[in-house]
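Starting from the given sequences, assemble the full structure and let the hints guide the process.
Quick mapping for you: the protein sequence lines, in order, are chains S and Y.
Okay, so the first sequence: first residue is 30 according to the numbering used here, each after it adds one.
Okay, so the second sequence: first residue is 939 according to the numbering used here, each after it adds one.
Hints should not be assumed to be uniformly reliable.
[Claimed, not checked] Capping the alpha-carbon separation at 25 Å, the derived lysine-lysine pairs in BS3-like fashion look like this: (1) S:Lys-334 - Y:Lys-1133; (2) Y:Lys-968 - Y:Lys-1276; (3) S:Lys-334 - Y:Lys-968.
[As the list claims (entries may be wrong)] Derived list of chain S stretches under chain Y, where covered just means 3 residues or more per stretch with a C-beta under 8 Å from a C-beta of chain Y: (4) 65-71; (5) 233-240.
Calculated directly from the structure, the hints in this document are not laboratory data.
Quick caveat: nothing in here was measured; it's all calculated off a predicted structure.
All residues carry an ideal CB built from backbone N, CA and C; glycine is no exception.
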Amino acid sequence: MTSPLDVALYLLIFPGFLFLLLFGLFCEWLDRKVYARMQNRVGPPIFQPFADLVKLLGKEDIIPRNVDRVLFQYTPLIAFAAVMTPIFNIPIWSVKALFPLQGDLLITLYLLTIPTLALFVIGWSSVSLYPLVGGFRAATMLFGFEVPFILTCLSAGVIAGSWSISDITAHLALQPVGMLVLVPGFIIALLALEAKLERTPFDIPHAETEIVGGTLTEYSGKKLAVMHLVDDIGMVVGSSLLAAIFLGGFIFLDSSFVLYGTDITPWINFILYVAKSLIIVFVLTLVRTLFARLRIDQMLDFSWKYLAIGGLFQMFIAVMYVGSSVGGIP
Amino acid sequence: MKENIVIPVGPQHPSFKEPMRLDLSVDGEKVVSADIIVSFNHRGVEKATEARTYTQNLYLIERVCGICSHSHVNCFCQAVEEILGLEVPERAQYIRTFIGELERMQSHLFWFGVAGHMIGWDTFLMYTWKDRERVNDMLELTTGNRVHYALNTVGGVRRDIREEDMERLKRGLGFLEERTRYYMHVMTEEETFLKRTVGLGLLPTEMAKRLCAVGPTIRGSNVKFDVRADDPYAAYGDLDFSVVTSDTCDVWGRTYVKAGEVLQSIRMCNQILDELPGGEVRVKAPSRVPAGEAVTRYEAPRGELIYYVKSNGGNTPERIKIRSPTLANWLVMTEMLKGVYIADVPIVTDAIDPCLCCSGRVTITDHSRGERMVTTLDALRKRGMDRRGIS
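Written as C-alpha cells, this is what we have:
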C-alpha cells in the first residue's frame, strides 16, 4: 500500500506535475529548435519556453465583458488536469505503470480527447468571431482524427488481449514481433497525434492567416499560459502513449540488470522512455516542417480516405496475427 | 430571398501586411462576392510632388513603395527625360535594367515567402527569404543600399558597376539560379502545396483581358502581356528573354510565372554583366524642365506601372499621376475571390501581390446614391471627427 506522502510525491514531483512540466517545456524547446534549424534559423535557447511561461504568468489577465465567466475561466484547468492524468497509466520505468487499471487504455484515449473538447467550449464561451470559428474547426477535426487514432491504439490492445497499457507493454516486451505487426498503425497514430495536437499540416483551428489567434484569441495571461502548457504536456503524454504502445518492446523486464546488488533496470528503462518519446517528438516536428496547412475539408478527406481505412486495415492484421499460431495470447 | 452573411476581413488582419478591408459575402464556407475597401493609409504623395523640385522628387518617389522602389523612380526619370529630350547613355540604361531585374527577383522571392506563410508553410517562407538576402546583398554591392537604392537620377545613374564586383555578382546569380530551380521543383512536386494552390482563384483568359489585369496575374492567365517585350524601354530591346505564361489560370499558375520570371531575370542579368557597354553613366540634366507632358510605362515586379508627368517650365512638376499595378488588379481580385473557401481567401488575395502603399486613393464612390467625389484632407478629418462625435 502506498502511503499518502508517496502519492503526493507521485502526483506533484515524479511522474506528476513537476516532471511533466519540465519534460513538456523541454519537448517544446526541442520542437522549436529542430523546427528552426531545419528552416535555416538559429532557434531559441533552452530556457526560452520556461521564460515564455513565466512572462505569460505575470501578464495582465483580461476577461472580456460578455463571456461566460465560469466556462471561460475554468475550462483551461479542466483541460490541464485531463491531459496530465494519463501519465499515471503509462509505463515509464518498468513494464507496469504507476497505477495500472483494467481498461486504462480507454480512459487514456478519453482523457486525451478532452483538450479538443475544451477548445470547442472555449471557442463557444469566448463570444468572439475567431474563437468561434476556431472552436468549430477543432470540433470538426475531432471527427477526422479520433477514429483512426482509437482504431490503431485498440489494435495493440487486440494483440495483447487486454485494454491495459501496462499489459500491452508487457506483452510486447515478451514478444517483440507484435511491434512489427503494429508498424502501419504507428505511422497512422503519429499522423493522428499530429492532428490531435493541432500542428501543421493540421493546425487548422488556429490558422493564423485565416482566423488570427484561433480558439485562444481572447485568452491572455495565466489562462493562456495554462493552455500553452496543455499543448506541451499533451505532446509529452501523447508521445509517451505511442511509445508505450507501439515501441513497447524496447523495455527491459524488472531485474534484468543488477549492479552491486542494486536493480538498475528502472533507470535504464527511464532513459529508454525519454529516448523513445523524444524520437516521436522529433518525427512530429519533421512532419510540421515538411508540409503546408491543409484546408478543413481536405483534412477530413484525408483522414477518412486514408487514415481511417488504414486503421481498419491495422485492426484486421492485428486480428489475423492473434488468430494465427504466431501470436496467440500468452 | 436568402441573405448572405457578410464577414469583414481587415483593416487589421494577419493575412494583410498593409491595411485594407474585404467585405466577404459568404454562403456557408464559400465566398459569394467580395467588396474591397482600400486607402486606409493615404499619404498624398502625388500632391506632395508638386511642391518639390525634380531632384527632390527622386527621393520622394523612391519611397512610394518599399519593394519596387527602383521601378517607380526609373519610370519617373524616363518621363522627365522624355520631356527634356535627353539621350541617356547606353551604360546607364544597362545598369538600370540590371537593378530592375535584381529588384524583380527579390520581389518575387519575397512573394514566395508570403505565399508559403499564407498556406501555413513557414519552412518555405524561411528558405526563400534567406535566399532573398543574397539578392539584397548584391543590390547593396552595386548601389550601396538594400531597399531604397537611390541610384537613378534624371539623365542616368549615380553609381557605376565596378569591375571588381563582377565576379561576386556572377557567383550570386549562379547561386540564385540553382535555388530557383529547386523551388520550381518543390512547387510542382509538393503535394500539400499543390492542394492549396491548384484550381484556386480562377481567372479565365477572357476575363483577365476584359478587366485589364497586369503583370504576373494576367500572364498566369495565359496572356502574353509584358511591357518589357511589347514596348521595350531601357536595355530590354537588346536582351534575350522570353515572356513566361501559364495556362492554368489559377494561383499555382501565377506562382509558376513568378518563378519562371526569376529565371529569366537571372538570364538577363548574366547577359548584362557580359555585354555591359563602356562609356559614361550619366549626362547632366538641367534643373528646369520645359513645358510639356509625358506618359511612360514600366514593367514593375507586380505589373505595368504608368507615370504621367506634366511640366509647366519651372523646376517643379505641375502634376504627377501614378498608376500602380496593384490598382489595376483590384477588379480581378474580386472576381477571383468568388467561389473560394474562406480558408483560401488569404492566398487568393495575396496572389495578385497587393502593394497597398502604392495605391492609396481618396475617391469616394457611393453606390447607393450613385455619386462620386474626390475629397480633401480637411473634409476627411471633419468626417472622422463627426463619426466619433468630436466637435
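Each hint, compared with the structure:
1. S:Lys-334 - Y:Lys-1133: Cα-Cα ~16 Å, so holds.
2. Y:Lys-968 - Y:Lys-1276: With Cα atoms ~8 Å apart, Lys-968 of chain Y and Lys-1276 of chain Y stay inside 25 Å; holds.
3. S:Lys-334 - Y:Lys-968: The given pair, whose Cα atoms are some 23 Å apart, holds under the 25 Å limit.
4. 65-71: That given contact holds, which follows from 4 residues of the region 65-71 of chain S lying within Cβ reach (below 8 Å) of chain Y.
5. 233-240: holds (count 5)
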